[in-house]
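There are 2 protein chains.
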Amino acid sequence: MKNNNDKGLTDIASLGEFGLIDHLTRGIKHHHPETLMGVGDDAAVIDNGPLATIITKDLLVEGVHFDMVYTPLKHLGYKAVAVNLSDIYAMNARPRQILAGIAVSRRYSLEALEELYAGIRLACDKYNVDLVGGDTTTSKAGLFISITAVGQAEKEQVVYRSGARPNDLIFVSGDLGGAYCGQLVLQREKQAYRANPDTQPDISSYSYVIERQLKPEPRRDIIELLHEAGVRPTSMIDISDGLASEILHICKNSGTGATIYEEKIPLDRRMAQTAHEFNIDPTTCALSGGEDYELLFTISQSDYDKIKDISSVHPIGHITEAEQGHNLFTSSGQLVKLTAQGWDPIKAG
Amino acid sequence: MKNNNDKGLTDIASLGEFGLIDHLTRGIKHHHPETLMGVGDDAAVIDNGPLATIITKDLLVEGVHFDMVYTPLKHLGYKAVAVNLSDIYAMNARPRQILAGIAVSRRYSLEALEELYAGIRLACDKYNVDLVGGDTTTSKAGLFISITAVGQAEKEQVVYRSGARPNDLIFVSGDLGGAYCGQLVLQREKQAYRANPDTQPDISSYSYVIERQLKPEPRRDIIELLHEAGVRPTSMIDISDGLASEILHICKNSGTGATIYEEKIPLDRRMAQTAHEFNIDPTTCALSGGEDYELLFTISQSDYDKIKDISSVHPIGHITEAEQGHNLFTSSGQLVKLTAQGWDPIKAG
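Chains A and B, in that order, give the protein sequences. With the working numbering, letter number 242 in the first sequence gets 242, and the count goes up by one each step, no holes. With the working numbering, letter number 58 in the second sequence gets 58, and the count goes up by one each step, no holes.
Okay, chain A solo, but in the shape it has when bound:
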């Protein structure tokens, strides 16, 4: 079979994920004034009077986003919901309903689908979300999970990626890089198992990073804490593709630059230990690893005192004028340019 280039066509990989979506949705016009936000944020926003309806969807594909060799189906169902709820929280909204679409090959048993749904329902119960729809169909090969999440917020409480202003402080929640390290461990164990199926892996010392990979928790608690503190972030995004990529999104949408400090990036000791074992710089895991589903947000300096005692959020830098670019001040005192990885959603090996 001829490849695309031989036929004078363009490989989709050449645009990168975000370039591709930008390209395909370019010039889209909205017909309805109640469509407040379309493509280009964590979720779409629809005006419903005093309240706004927030909607997002994400597709998880076997062999691309997850590897059935080491992903328990219940965890997978849970994670599929969690990553969508994370997008709703990133708009400073509360998730209320989800719909689940599943395409599955005939080799899956009913019992396997029950496990998957058990995870979906567990996440719904934990995050107080109603499962209101879904379709289940067959696929020729593999498992595809498409979740749509619907949330609600008071209209003036919705936070976009575009609201950051120079001198705003940049915060992240939790710690970063763990999910990526968990994946490294799981892939190594998969290789070891293939080489010798009798091997009994001891992964107990990696339980923290593995759980970060297999069972991420969206940060509802942060949204509630900010709300209680009376702070509305000026911009927000969830960290699904690595800290660097998300900072660049905020800056692009807000028309700003940013400077962050390596020593301020929150890293868990267990993540750093695993990273060193794999000869990877822990900071690289945090900047480019992805899938942590923490929140990255900016606040006005005047709000600093209101949240400085919340232990689960950490200031890592500040927003600058666009001309100053995107910079990382390293622990060794150098100023380096922050770059995002290109498009590479092929994460499972």
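None of these hints come from the bench; they were simulated from the model. Values in this document were obtained by computation on a predicted structure and should not be read as measured data. Incorrect hints may have been included.
One copy or any two copies: either way a pair holds, since identical chains are not told apart in the list.
What the hints assert, rightly or not - Pairs of lysine-lysine residues, derived as DSS-like cross-links and limited to a Cα-Cα distance of at most 27 angstroms, are as follows:
(1) K7 to K337
(2) K126 to K252
(3) K215 to K264
(4) K264 to K308
(5) K190 to K7
(6) K155 to K190
(7) K29 to K126
(8) K29 to K74
(9) K215 to K29
(10) K74 to K7
(11) K140 to K252
(12) K155 to K252
(13) K337 to K264
(14) K140 to K190
(15) K190 to K215
(16) K140 to K74
(17) K126 to K215
(18) K306 to K155
Chain B: place on chain A using the hints.
Quick look at chain B alone, frame taken from chain A:
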């Protein structure tokens, strides 16, 4: 590899599509009073004060729901949107926004995705719908399209499957069976092409049924006509799986029986001609063929005069008490039991 039965597990096919969804979503409780309708109708319904938000999603899978050999990508994008809008209209609501999720193998070119999106955008423009979100990712093989449609209706105008009452009249829009016949023709041409790639198929005489298959139009016009006539159906559903299956859905949800008359089922002459060519009874195409995306609805007898002059809707029978069952009065004067086909979404050959 052992099959499921050998391992003491259950094949998913043994439950049928509707049995499977019922099984997986059994016992679901809603946490939020604004969740007016969850799983079990054409779409979910969320209370937003005087207005209701209607949400539905459908997954289209290559090799299951469409065959790339004879499906132009632009048509495919259009149809993926159309079938979701059809679900919104079937709730007596107006679609307002959609989100599109696409997983695609790397063999697809950018130009191919542009074609797909051109169809998606064409349907959005025609039906006055905003494309507000979506993600695009890779798949290991094949194309997966997941569309979420969002609609709006005044709360008391929403029509469920459950509102049919004995003596209500049963109506369908348009004509039935065409989409199935179109697929028969396309599959025959595919076989002929495989046997002899030099063959030049002449499918011009089948253009009606082929268009019914490749480019279905959701019946916005019917919703508008009913609205203008001041008629709110007592129940409604769109015909995606064949007339018989949809009547059984209405009856199950409404707790009723139904009697329909074969001679009243609207059939297009061109569909009947194609069906005869394939030695299939045209009525069978209408009852079991599926994918016509017409509307099936019931009205109170007192509303009959208001819509009897609308040429695009046709009375085909009436609702009965549940004890009377589901019956088809054939053209030859027999009363036969109406049954739906089982689960067989594998339609493309």
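Violating hint indices (sorted, rising):
1, 2, 6 and 11
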